[in-house]
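Chemist: Sequence:
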Amino acid sequence: MCLICERIEMISKGENPYFVKELKTGYVVLGDNQHFYGYTLFLYKHHGEKTELFHLEPAERVQFLEEMTIVAEAVSRAFGAEKINYELLGMGDAHLHWHLFPRISGDIENYGNNGRGPVWWYPMEKMYSDDNRPSGEQLADMKQKLLDELEKLL
Numbered sequence: 000m001c002l003i004c005e006r007i008e009m010i011s012k013g014e015n016p017y018f019v020k021e022l023k024t025g026y027v028v029l030g031d032n033q034h035f036y037g038y039t040l041f042l043y044k045h046h047g048e049k050t051e052l053f054h055l056e057p058a059e060r061v062q063f064l065e066e067m068t069i070v071a072e073a074v075s076r077a078f079g080a081e082k083i084n085y086e087l088l089g090m091g092d093a094h095l096h097w098h099l100f101p102r103i104s105g106d107i108e109n110y111g112n113n114g115r116g117p118v119w120w121y122p123m124e125k126m127y128s129d130d131n132r133p134s135g136e137q138l139a140d141m142k143q144k145l146l147d148e149l150e151k152l153l
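Under numbering that gives the first Met the number 0, read the sequence shown as residues 0 to 153, first letter to last.
Some clues are possibly wrong.
With beta-carbon atoms standing in for the labels, derived distance ranges [unchecked claim]:
| # | residue 1 | residue 2 | range |
| --- | --- | --- | --- |
| 1 | Gly47 | Ser104 | 34 to 42 Å |
| 2 | Asn84 | Ser134 | 19 to 27 Å |
| 3 | Gln143 | His54 | 30 to 38 Å |
| 4 | Glu59 | Met123 | 29 to 37 Å |
| 5 | Gln143 | Gly47 | 31 to 39 Å |
| 6 | Glu136 | His54 | 37 to 45 Å |
| 7 | Lys125 | His54 | 31 to 39 Å |
| 8 | Asn84 | Leu152 | 13 to 21 Å |
| 9 | Glu86 | Met9 | 21 to 29 Å |
| 10 | Gly116 | Ala58 | 33 to 41 Å |
| 11 | Lys44 | Trp120 | 25 to 33 Å |
| 12 | Met9 | Gly89 | 14 to 22 Å |
Quick list of in silico lysine-lysine cross-link-like pairs, DSBU-like style, CA-CA up to 30 Å [stated by the list, open to error]:
| # | residue 1 | residue 2 |
| --- | --- | --- |
| 13 | Lys151 | Lys125 |
| 14 | Lys125 | Lys142 |
| 15 | Lys23 | Lys49 |
| 16 | Lys142 | Lys49 |
| 17 | Lys142 | Lys12 |
| 18 | Lys144 | Lys44 |
| 19 | Lys44 | Lys151 |
| 20 | Lys23 | Lys44 |
| 21 | Lys144 | Lys125 |
| 22 | Lys12 | Lys23 |
These are calculated hints, taken from the structure and not from any lab test.
In this text the structure is predicted, and so the values were computed from the model without any measurement.
For every residue, glycine included, the Cβ atom is placed at its ideal position computed from N, Cα and C.
Make the full structure from the sequences, and use the hints.
Modeler: Rendered as structure tokens:
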């Protein structure tokens with residue numbers, strides 16, 4: 000079972016503390032690490048042969064992309080982003096999932112052009128440091144902010 004499927008199974012059992020909301024095509028979850036405050040993932044509900052956007056039937060692809068866009072707007076509103084960075088990678092986990100990074104000026108400190116640049120310019124050991132994990136209270140606050148914005152848009 001892939002890591003994304005494990006996280007989805009945790010959602011189904013009520014054991015994923017980062018879970019925010021279920022949509023038609025996927026699950027909204029906050030990232031475990033929050034260097035980029037409000038970092039959110041949108042996990043496609045199904046695994047298997049559909050590892051690329053072009054593998055999805057046209058209607059499902061449109062729905063998945065529309066929902067991802069709604070999630071991105073909610074993330075932007077909830078966490079005061081100046082810009083959202085979108086990533087749909089999948090070489091590590093071939094399960095369709097979006098990484099949504101809310102960005103603000105200076106969030107990568109002295110890396111890049113005046114603290115501006117792609118998220119991968121920031122050292123991964125800093126981005127995924129345990130120092131960036133929200134406390135239980137912080138996580139509850141973040142989930143509520145994001146859920147409130149999602150509810151406004153859905």
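Chemist: Looking back at the numbered hints, which does the structure fail to meet, lowest number first?
Modeler: 13
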